[in-house]
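2 protein chains.
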Amino acid sequence: MVQYYFLGRGAISNLQDLLNNKKAGAKDAFVVMVIDHYFENKNILDLSYLSAEDLIIYAETDEEPKTSYVDKLVDLARSKGRLPVAVVGIGGGSAMDIAKAISVLLTNEGPSENYQGWDLVKNPAIYKIGVPTIAGTGAEFTRTAVLTGPTKKLGINSDQSVFDQIILDANLLTTVPKEQFLYTAMDCYVHNAESLLGRINDSMTIALAEKSTKMIEEIFLGEMDLEKLLVASGMGGLAVANSAVGICHPLSYGLSIELGLRHGYAICIAFNQLEEYYPQVKTFKEILKKYEIVLPKIITDDITDEQLDRMAEATLKNENPLSNAFGPDWKNIFSKAKVIELLKKM
Amino acid sequence: MVQYYFLGRGAISNLQDLLNNKKAGAKDAFVVMVIDHYFENKNILDLSYLSAEDLIIYAETDEEPKTSYVDKLVDLARSKGRLPVAVVGIGGGSAMDIAKAISVLLTNEGPSENYQGWDLVKNPAIYKIGVPTIAGTGAEFTRTAVLTGPTKKLGINSDQSVFDQIILDANLLTTVPKEQFLYTAMDCYVHNAESLLGRINDSMTIALAEKSTKMIEEIFLGEMDLEKLLVASGMGGLAVANSAVGICHPLSYGLSIELGLRHGYAICIAFNQLEEYYPQVKTFKEILKKYEIVLPKIITDDITDEQLDRMAEATLKNENPLSNAFGPDWKNIFSKAKVIELLKKM
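Sequence order for the protein chains is A and B. Straight run, no breaks: the first sequence in my numbering ends on number 348. Straight run, no breaks: the second sequence in my numbering ends on number 348.
Computed footprint of chain A on chain B; a stretch qualifies when at least three of its residues, placed anywhere within it, have a C-beta under 8 Å from a C-beta of chain A:
1. 5-15
2. 211-219
3. 232-242
These are calculated hints, taken from the structure and not from any lab test. Note that CB positions come from ideal geometry on N, CA and C, so glycine has one too.
Next up, chain A with everything else stripped away, as it sits in the complex:
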């Protein structure tokens, strides 16, 4: 679990003290700030307390982070000839994943693709702070930094990927467009459903996923409350960090890789067709309806059989989530034909 959190509107104001404390006493101390490029020249974030020594990276997040991009940023940070005292990630899941990956790679020899997998990181990472500006990715609470490598989209799953401190400030959420806001929150809703229906869970992850689910339903079918949404997202992140995803995420990876869809959007496209597995799809559809969001059909007749086949293969590569959902015998239950049948509905 993440050790320290600040929560509340205006909580971002604690960042200055946190960084100054880390810098105190250290000569030539500097910090690396990974900030979603959306915030560049926007005058939303107060960064006036940073010094010329600090490295501000306005991260490209139009595409999900690639290992090659992370390696480039690590080289940039390394060019100072000394290590930073802190790495800060401010933004959505991508900005936070990039910050996590940089903090790991600065103390572990690259390239970053060497660490895609489970518990491959050897040395302690640099102290890091996560500041989500969208709710639902769970990235602020998880032990993974999801990267797209030359051969696979897979996280750096490690205790060293966990933020030391997070700041949950609802004021930062107000900049997100409605669709993206909803898709990302629903990503958390789907995490919870997958965690609850999986085999890899325990009383703690069940309790967290149940409460997160209930809160998201209250927020989206009842009264919007951004701070509560950050907490629901956090609980969902904690739940999935200690359990596993299920059927929806593997299908969404297939959609994302082949068609270049953003994660939250791909999750919604996939989840919308999974009512036979997840009872929560019904409530999900109510929420979409209330927010007047119509999901298009993505897989059209234009998509070739080869593409469909590659999507199905990309889906079926996700052994851990699928055995979490269906058990060790998952290959006999969730066939390629079934995957293609589901994909064709999406």
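Position chain B against the provided structure of chain A, taking the given hints into account.
Here is chain B on its own, set in the frame of chain A:
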């Protein structure tokens, strides 16, 4: 928040690896085990992996821990002439509080009473592991080590009091007598009520306290589930660690100090009379009824006015909890006469 937990029946088996990892490579490494004296000669805990160098303390827990007792144990641990690599607390709230206090005092000059209060600890504590054998104290998750000093009962409230690792093993709960089991679980239920009705809370502590409350009601009015109870207790602990108690705890301190009642029992005696403040008292009474527990009237005619006065004074000393419950103007709302009126019902 506590960074690492193991959860599950048999989870205690992880303790050996954790301690061996800490010892690995260090010369003359030893650990301090603080174990509730209940477990002495009981053959419940496997300690066969410990070496002659390790220090096993079967802690007295018939009385709640005193600062003088902690100081004595710290001297004992110090007599080895080097610091342990880990301190482990196995038992109820007292054993865990003693372990926390020892881990702090080994790296911070005593006496321990100097650290009763908020954020008085200067140096990082020794790595410590908490293993609750009763559910509901929350001690495994909080940042306090409650001690009775020469002048006050007050915790060492510090980030340094937080366990680095906890182990939640439902198998260890089966030894607790029914009454104590219930009183301790209800202590958590009361924490939640106080946290929810206080001013010092946020969306996170509210979500945790709500879920913990619901789980305890499901467990005690529905189906008993010890693992779920450990999680409910943990969530309640997390909630109260990041918010504050309210009216019931101050009253229980008055009862405990003057009449020597155990904490969980005193809490139940007090909460039973607080229906005008806490709607949860109704459900609390249903639970007592289901478990056939009748709370006696403790304050009788034999108790002198001087004693009652001292109890009221001890209650009213708790400025933080009472201002959490009633606001900054609490002294005008919660008078000494009102406290005595409530105490007389108990």
